[in-house]
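*Asks:* Listed below are the residues making up each chain.
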Amino acid sequence: MKINVTVNGTAHEADIEPRTLLVHFIRENLNLTGTHIGCDTSHCGACTILLDGQSVKSCTILAVQANDKTIQTIEGMAANGLHPLQEGFHENHGLHCGYCTPGMIMRASELLANNPNPTEDEIRWGISGNLCRCTGYNNIVKSIQYASAKMRGETPASTEPQFV
Amino acid sequence: MIAQSFNYEAPHTLTEAIHLLQHYGDDAKILSGGHSLIPMMKLRFASPAVLIDINNIPGLSDIIIDGDTIKIGALTREVQLEHSDLLKEHYPIFADVTKQIADPQVRNRGTLGGNLAHGDAANDHPAVMLALGASVIATGPDGSRSIDINDFFQGFYTTALEQNEVLTEIYIPVPPDHTGSAYHKLERKVGDYATAGVAVVLTMDGDICKNIGIGLTNVNAVPMRALRSEEFLKGKPLTDQNVKEAGKLASEDCAPSSDLRGSEAYKRDMGAVLVRRMIASALSRVK
Chain D
1 MKINVTVNGT AHEADIEPRT LLVHFIRENL NLTGTHIGCD TSHCGACTIL
51 LDGQSVKSCT ILAVQANDKT IQTIEGMAAN GLHPLQEGFH ENHGLHCGYC
101 TPGMIMRASE LLANNPNPTE DEIRWGISGN LCRCTGYNNI VKSIQYASAK
151 MRGETPASTE PQFV
Chain X
165 MIAQSFNYEA PHTLTEAIHL LQHYGDDAKI LSGGHSLIPM MKLRFASPAV
215 LIDINNIPGL SDIIIDGDTI KIGALTREVQ LEHSDLLKEH YPIFADVTKQ
265 IADPQVRNRG TLGGNLAHGD AANDHPAVML ALGASVIATG PDGSRSIDIN
315 DFFQGFYTTA LEQNEVLTEI YIPVPPDHTG SAYHKLERKV GDYATAGVAV
365 VLTMDGDICK NIGIGLTNVN AVPMRALRSE EFLKGKPLTD QNVKEAGKLA
415 SEDCAPSSDL RGSEAYKRDM GAVLVRRMIA SALSRVK
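Chains as they are written, first to last, in this note's numbering: chain D, 1 to 164; chain X, 165 to 451.
With the rest of the complex left out, here is chain X:
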């Protein structure tokens, strides 16, 4: 399969990339890892007239701590996230999620920024970022702006990024004490998109759940948070009954569609099961 013809640009600076975006307008697409975009182009689901390859731009793939924020460059590859000691120390959820994304070769190329900017509810990082309370940095002709992750996913493959903006960084908070995190997805085979997936990040105050973020993968047209489940659990002990109720609320609030991966009812049930399991798993990792 071969994509439709396009022009290829490979800028070496961010400024140059943004100029190109301004110049080509809606005809242009950013190419980072390319493991969602190139298959779509080969299948002719996408046919941009211009690809702007940002892989040669330095400084977009660092993982650093700055005060109480962890900054991750948008061009950071899955393989870097998987093996980052800094992320392993603070957020085991990154090792969980990256191990479940595609396979080693794809993880050598795929990027965190690309995964988010693609705006696919079947991707795994959106749920994780929603649970973490992340924000993303979009850089355009007038400089950078921060977008709360809750405002980022706007519709089917649609994000808050403007046409002339590049997603350049992802910010996540350094976890407070007594925080745990976990992600798991039910998949038909290694590397598949999720039948259902759940990300949980929680902070405990003794036996009481002080704060919790729950993100859901592929059970809604847009990546979503299980807001009612979160609200229900905050300030409560994580008893079996409370956790079960949180799972039930999430399964009521999501809106999966029946497909080859399972019926709507099955996906709702699996969502509830995974919410319960990921809360238990995150709780076991609280430190």
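Pulled out of the complex, with its shape left as it was, chain D reads as follows:
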């Protein structure tokens, strides 16, 4: 089936089988390998991308369902230097192996778009569909708080990464 999608601002046309999952289309047809396959059962969130601005698990959507829609992946986040979320993860040691990080950042970007100043509880609830097996979330939460402050025009509080 022919589909047209706009990915990180660039239009793509492709001819794919209906059973092609969106995550496979992104990784294998577009060679954008920042979107990861973790559990493949829509639990872990490593494959999270934005579809028309909404965070979705791309392992549980067909690529044909993205026809005429816009997609944002981690590769599109650093168009103008590091995105505040990327900077936050860097500054606060929000990643260890980094496998879950693209999904975390894509999910957090929708969270902050809907709620620019979330509480810690709201952040933890907001990323409840993204699993990380390295850092234990404390630094991920701080990374998102950093980005939240920066995107609101405030100077993020200086923080020391927590190693627990």
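Hints are computed from structural coordinates only; laboratory data are not their basis. Here the structure is a predicted model, which is why all the values come from computation and not from measurement. Every residue, glycine too, gets a C-beta built ideally from N, C-alpha and C. Wrong hints could be hidden among the right ones.
To be verified - The calculated lysine-lysine pairs, modelled on DSS-like cross-linking and capped at a C-alpha distance of 27 Å, are:
(1) D:K69 x X:K206
(2) D:K2 x X:K206
(3) X:K408 x D:K2
Said to hold, decoys possible - If you want the footprint, here are the derived chain X segments under chain D, 3+ residues with CB under 8 Å:
(4) 289–300
(5) 365–378
Use these hints to put chain X onto chain D, whose structure you have.
*Replies:* Just chain X, lined up with the frame of chain D:
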């Protein structure tokens, strides 16, 4: 994991979708949110020859009040239910239940109609709809028909929907004065299916329970109402003793199976505990 090959259709009108259902017969499945169906297809538990994607059909995702009925389009996403001011005002149970369904990304896609039409006793909305006394609208080649929610769930993943029908709307009554509602499920981790879940919607007349609906999640092969508990409480004050008895009746009437989430006895006990707690919670919200 990749599903078996299938043909994909994406109609733009309901009429077109129903024609496709008639054309393809049993080979076709409706795709709405897809967060139950696509995993099943990836695991090869389901292998429909045709998917009819109804996501491009307009007019199926509104939440409106029409007289004494709240109408919810079947394609309404969990995230819409979670944040709907109209539902928050009338039925806090919707905020309870949606927050406990999977996670934000899944709630961005999952739909109320899909949750019900899937016919899974482990899903959360069936218990809520049973407690609310909902009815669902099925639209087929000959028009629409209303199905009482009590007649909708017929067996294991089996509903009253005919092969050529699309679930298009869910109707729930606008609550009478002095109504409260609550849902909670015991889960092993965020987003898991329930070990046991209970939905309660009750209407009070002073200290007397005028009406009550109690739905149970994942403690029976088919979504079920705790009918004896409801009958026992109607017309009575909600004393500790009465509420305890209602919990006991529900735990006797359900039929859970032992699995990784717990033994049969444990699930029965948790059902009773949740019935008591949800009655208390719904009562605290009566307005």
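*Asks:* Evaluate each hint against the coordinates.
*Replies:* Results for each hint:
Using a Cα cut-off of 27 Å, the hinted pair D:K69 and X:K206 holds, with the two alpha carbons roughly 23 Å apart. Taking the CA atoms of D:K2 and X:K206, the gap is near 22 Å; set against the 27 Å cutoff, the hint holds. In summary, the hint linking X:K408 to D:K2 is not supported, as the alpha carbons are separated by about 60 Å, beyond the 27 Å threshold. Counting residues of the stretch 289–300 of chain X whose C-beta lies closer than 8 Å to any C-beta of chain D gives 0; at least three are required, and the coverage claim is violated.
Look at the stretch 365–378 of chain X against chain D: 0 of its residues bring a Cβ nearer than 8 Å to a Cβ of that chain, fewer than three, so the hint is violated.
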